[in-house]
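So the protein lines, in turn, are chains U and G.
Just so we're on the same page, the working numbering is the position in the first sequence counted from 1, plus 10.
Just so we're on the same page, the working numbering is the position in the second sequence counted from 1, plus 48.
Calculated directly from the structure, the hints in this document are not laboratory data.
Treat the hints loosely; a few may be bogus.
[Stated by the list, open to error] Simulated restraints, written as ranges between beta carbons of each label pair: (1) G124(G) with S26(U): 51 to 61 Å; (2) L318(G) with L29(U): 49 to 59 Å; (3) W314(U) with L318(G): 24 to 34 Å; (4) I165(G) with S186(U): 48 to 58 Å; (5) L129(G) with Y283(U): 54 to 64 Å; (6) P166(G) with S26(U): 52 to 62 Å; (7) L304(G) with L93(U): 52 to 62 Å.
[Claimed, not checked] Far from chain G, some chain U residues (derived; all Cβ distances over 12 Å): (8) M120; (9) A124; (10) S248.
[Said to hold, decoys possible] Derived coverage of chain U by chain G (criterion: at least 3 residues anywhere in the stretch with Cβ under 8 Å from a Cβ of chain G; other residues may be distant): (11) 42-50; (12) 76-88.
No residue lacks a Cβ here, since even glycine has one placed at the ideal position from N, Cα and C.
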Amino acid sequence: MSRPAAVAAALLVLASVPLWVGNSYYVNIASQILIYAVFALALNVLVGYAGLVSLGHAGLFGIGSYALAWLLADGWGHLPAALAALLLILGASAVFAVLSLRATGIGFLMITLALGQILWGLAYRWISLTGGDNGINVNSRPAPFGVALDGATPFYYFTLILFLAAVGSMAVFVASPFGASLKGTRDQPRRMTALGYNVWLIRFLAFLFSGFWSGVAGLLFCYYNEFVSPNVLALGSSAEVLLMVISGGTGTLLGPIAGAALVVIMKNVASAYIERWNLVLGAIFVAIVIFMPEGLVPGSVRLWRWLWTGMRRAPARGGAR
Amino acid sequence: MSQWLLLGVNSVSLGGLLFLLSAGFSLIFGLMRIPNLTHGSFFMLGAYFGVTLLQLGWNFWLAALVAAVGIAAVGGVIERLLLRRLAGQELAQVLVTLGLSFMIADLCLMVWGGDPIPFDAPPGLRGALPIASIVFPTYRLVVVVIAVVIAAALWLLLERTRLGAMIRAGVDDEAMARVTGIRVSRIFTIVFCLGAAVAGFAGVIGGPILSVYPGLDGDMLPLALIVVILGGTGSLLGALLGSLIIGFLYNYGQVLFPELAYIILFLPMLLILLFRPQGLFGRHVP
């Protein structure tokens, strides 16, 4: 199948989801998958293309959710509240970036983790602003162009449009000279510096881009739940989205989307049967990192090939492998 | 006046606990180049082990020691079975410790339930000690003494023994240490177990102050991270100073600006990152 045909088929499938999944429960899960896919795509800009693993991205996602909920509760309209929240996210991303880009690799991971935990602590303890553990309720969803988003299906289409915008912007970004230079800073930062590129600035802009889409996902999540609580910013959320990126395969466009679908479905299925989602999450994390560091799809292919060649060679070499 | 002084004692005792937690964290970081994200879990697991032994009627100090040994064993298993497989892949190692921290937290919730379990200080140390018209809680002073003793012991171990010299060599330059015949991978295991043991011990010692509850790991880990960002990796002195700074900021912050205590912790970290990214006593930027 040619590429345009594949894209058209995927669009058709996505657009027709509410028609064939039936139940609004499943439509909502589809919306969740799309929201997390936007979030995972955003994180993938840093993890996959910049080689910077952030464990504080739930902080940026959460700032979006909280800012929107707080402004709405303060009586703002939907559009100005969302725009103000996005501005705030860009500001917060800039602060995050300036602090965490002091380091790369493990240092970067550690600083983003500390920043994320501080935001979580704030959301949890700064009760007069955030309502603490009780969170903030959002009483209404917006009605862009007069279309109310209260039902599951209209909200799904709203999310789908933003998801497509995110995928489109990522595709443009990856193919752009800027995307290429970002990959350059990932693989050869010294050579990039020697070639006259400002490595820090490239990473900074990539961080803003990533923070922006994380924030958009946060806004969507806030509208989806019509509620925010400190859980949104917890380390578990950062780890979950990182798992989506890693499990699907970093540095690809489809990987994070597949990872988001996988984790959201697993989470919903798992929580229907067992209470111990965190145990499952942790175990999958450990297993993927140890056995399939390149992601589930390429990892399964490799494992299959290895088993296959192993089985074929085994008799000839007397099983000494 | 006496209230502020009392707060000072509380700060120093929290600083002492944080030192016990972050000394191992910092050494592991300095040597293996990874922040061990299960370190908060070791602290919490140690406290749970300790409380279980106490409920069986054990002596407090014996329970603390046995818990420390138990956590050292857990740490040894993690290092040998999982981290060893990923030698040289720092990022993968960090992610494994992250996954493990989730598993340990959930297993603790399964075994010990969701309610906080308070536990008492050892019998002789429960009251308060009047010194010059001010009444100090005895147990907190004891915690300070214990922290000082362990700090001195760790310092002696690192500075005055052959093993300590090998650890320092590994922290400074792993490749050169290997070349000179030090079995760095064995040092990794020793330091990892030692760090885990001290963290588990701290969990029990801290129990009468903090009690033990689900989420204790998540409360302690960021504090250890901030201490190490402040003090620098692989430096005992840095961990000590960082712990004291955070102990004071946390306690005074809680009283003066209860809702913003976390922001106040964040400020020194911000200054350090901007002006001295290797930390106060660190040798290299992580």
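Now for the hints, and whether the structure bears them out:
{"no.": "1", "hint": "G124(G) with S26(U): 51 to 61 Å", "result": "holds, 54 Å"}
{"no.": "2", "hint": "L318(G) with L29(U): 49 to 59 Å", "result": "holds, 51 Å"}
{"no.": "3", "hint": "W314(U) with L318(G): 24 to 34 Å", "result": "violated, 48 Å"}
{"no.": "4", "hint": "I165(G) with S186(U): 48 to 58 Å", "result": "holds, 55 Å"}
{"no.": "5", "hint": "L129(G) with Y283(U): 54 to 64 Å", "result": "violated, 28 Å"}
{"no.": "6", "hint": "P166(G) with S26(U): 52 to 62 Å", "result": "holds, 56 Å"}
{"no.": "7", "hint": "L304(G) with L93(U): 52 to 62 Å", "result": "violated, 36 Å"}
{"no.": "8", "hint": "M120", "result": "violated, 5 Å"}
{"no.": "9", "hint": "A124", "result": "violated, 5 Å"}
{"no.": "10", "hint": "S248", "result": "violated, 9 Å"}
{"no.": "11", "hint": "42-50", "result": "violated (count 0)"}
{"no.": "12", "hint": "76-88", "result": "violated (count 0)"}
In the structure shown, a violation is registered for the earlier hints numbered 3, 5, 7, 8, 9, 10, 11 and 12, in ascending order.
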